[in-house]
Amino acid sequence: MRSYFSDIPKTALQASYWLFVIYLLLPLALMMAISFKDANFVAFPIDKWTLKWYAQVLQDRQFLEACLYSIFIALMTTLFATIVGVWIALLISTEGMIARSVIFALACLPAVVPGLINAISMRIFIRVLDIPTGTGAIILGHTVHAVPFVVIMVLTRLRSMPNNLVDAARDLGADSFVAFMRVTLPYLAPALAGGMVFCVLTSIDDFVRTFFLGGYQTTLPMLIFAKVQGGMSPEINAMATLVLIVTAAIGLYAEHLTRRSRTR
Amino acid sequence: MMVDSSMTETAKASQRAGPSYAGWIGKLVNSPLYAATIGLVANSRMARLGLLLAIPLIWIIGLHIGPIYQMARISVMDNYPPSAEGAVYTLDNYRLFFREPLYFMPFLRSIIFAVCVTATTLIVVYPVAYYVAKVVKPENRTRALLLLLTPFWAGELIRTFSVIMFLANRGAVNVFLREIGLIDRPIILLYNYFSLSFGVIYLISLFMLLPLYSAIEKIPTSLVDAAADLGAGPWQRFRRVILPLSKDGIISGCSLVYLTSIGVFAAPLLLGGPNSTIFPEIIASLFHGSSDKWPEGAAFSMLMLAVSLSTVGLFMRVVGGRSVKLM
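Residue numbers (my numbering), protein chains in the order written: chain A, 909 to 1172; chain B, 561 to 887.
Wrong hints could be hidden among the right ones.
Claimed, not checked - One-sided and incomplete, this derived list gives chain A residues near chain B with beta-carbon spacing under 8 Å:
| id | residue |
| --- | --- |
| 1 | L938 |
| 2 | A1148 |
| 3 | T1155 |
Unchecked claim - Cross-link-like lysine-lysine pairs, in silico, BS3-like; alpha carbons within 30 Å at most:
| id | chain 1 | residue 1 | chain 2 | residue 2 |
| --- | --- | --- | --- | --- |
| 4 | A | K918 | B | K778 |
| 5 | A | K960 | A | K1135 |
| 6 | B | K694 | A | K918 |
| 7 | B | K694 | B | K778 |
| 8 | A | K1135 | B | K853 |
| 9 | A | K918 | B | K807 |
| 10 | A | K1135 | A | K956 |
| 11 | B | K778 | B | K697 |
| 12 | B | K697 | A | K918 |
Keep in mind the hints are simulated off the structure, nothing from the lab. For glycine and all other residues, C-beta sits at the position ideal for the given N, C-alpha and C.
Construct all of the structure, not just a fragment, from the sequences and the given hints.
Encoded structure:
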């Protein structure tokens, strides 16, 4: 009797978990299914199956150009955000630095400001400074958004680093630059890998900043947005499915990497 | 003169007795230019501090504070770009907001919408996080978590798009309900508050899940067992032990979800209808329309920033006391 009643909460929790998993996965799974539908309009049920939408997407120059453009922006963003983020994290973790918590709070500012406000303030900023909208502005906007996340990830890792590692390197004759390159940086590697993948994925995914800062060349989210607004076609499903598979694979791989380094 | 001599000394020293390294670092370290630079930095505390401070301070002051400062400045101008006679500073843009219900109402709607989304997300996600953190066996936990994480690697727009196809008149839900004979004609699920909340929760529930999971995982099972031994029923155990101990996770999860849902932009454009216009669309139209209304847009953005951050601050104070960190 008692065990019967104590099982009810457990069963309810399990049900809530699986319902939530269905909620998360079903729309995406159905979207992928429609990409194989042999008809010009997007609707259920699916009677005939085809791969022609994939063939069409892979020959679509606009799509391929948008992909390359998005990847280029993401890589530049990651490069700059990593350098600046590590630098800020080192500054915050320096012993005896004054106002550390203030610097940390300000370094995290772009992460707590709502996305739209962040994008608008950057739009105003680049107009005041007379920077034209376009590639440079997008990279700047994405980098500002990505830096706080790099700072947080690197700081977490730096806190667990024994102080005497760098001291030992210095005692053995390494100057501070060499000690940083040969001791600190390798120690940070897992956090950096996680942070960099995060930068790449958020930059490729970003819509609102690109919407305000972008020029005439479209990024991947802008292209999908335009196509969705323009009318539904299974071609968009094929496009979205391809992008989803690539980003999910990168994300899972990064997850795998950081998990392995944590358990090691 | 002093600096010169110390430079050459260090340069000589590093060539004479310095350790040697393999690869490009070795080549770099042996170059005279590097030796001169490092000598300068090593011998002066100021130079070392300057090098450490320069880039971060320029970056934070210039690019984290700068844009918000400029937004604040333009929000009190009467015209942007300022007219030839010079800028006139005024508070009219802020007054306009409170006088004009066309702006004020969507703003209220936005805030209420974000609060509702946050509360719903908390209620929906809490049992899920609890299940993964406490009920699932430790060896299966990673897999259970990954199943929840994977959809979030798909981008914002792709997930919004999949929600559209899910809820459309000829979408999955309607077709399914018609097939099993529950309805004859499609229920309108899209382009209203329902689709908007469905989509926004779909986009941001991860921000609730992860903080809740890590907070609940830290609760020692022995405490819950002790409460059970002392005669507390499931509800009491939850109310008196688990809930208070997961407070940190609730606070950071709610703050993140609230701040994100108040600033979502693409989802309302695609999922919302004419009756569910929320504030971000209004602000965007002031910047993107044919008429240039930047000062008004900047003022409205400032108001939205102030209200959203102060709501989060108030919430943290009320629920969590003083010492809470967002991340």
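To see whether the hints hold, each was checked on the structure:
A hinted interface residue such as L938(A) counts as satisfied when its beta carbon comes closer than 8 Å to some beta carbon of chain B; here the least separation is about 5 Å, so the hint holds. Given the 8 Å rule on beta carbons, the hint for A1148(A) holds: about 4 Å separates it from the nearest Cβ of chain B. The interface hint given for T1155(A) holds, since its Cβ lies 5 Å from the closest Cβ of chain B, which is under the 8 Å cut-off. For the proposed pair K918(A) and K778(B), the alpha carbon gap of about 19 Å is at most 30 Å, so the pair holds.
A distance of roughly 18 Å separates the Cα atoms of K960(A) and K1135(A); the hinted pair therefore holds under the 30 Å criterion. A hinted pair counts as satisfied when its Cα atoms are at most 30 Å apart, and K694(B) with K918(A) qualifies at roughly 10 Å. Note on K694(B) and K778(B): the hinted pairing holds, with a Cα-Cα distance of about 10 Å set against a maximum of 30 Å. Annotation: proposed proximity of K1135(A) to K853(B) holds, straight-line Cα distance about 28 Å (limit 30 Å).
Pair hint K918(A) plus K807(B) holds up; C-alpha atoms about 22 Å apart against a cutoff of 30 Å. This hinted pair checks out: K1135(A) and K956(A) have alpha carbons roughly 23 Å apart, not beyond 30 Å. Between K778(B) and K697(B), the direct Cα distance comes to roughly 15 Å. Compliance with the 30 Å bound is thereby established for this hinted pair. Annotation: proposed proximity of K697(B) to K918(A) holds, straight-line Cα distance about 13 Å (limit 30 Å).
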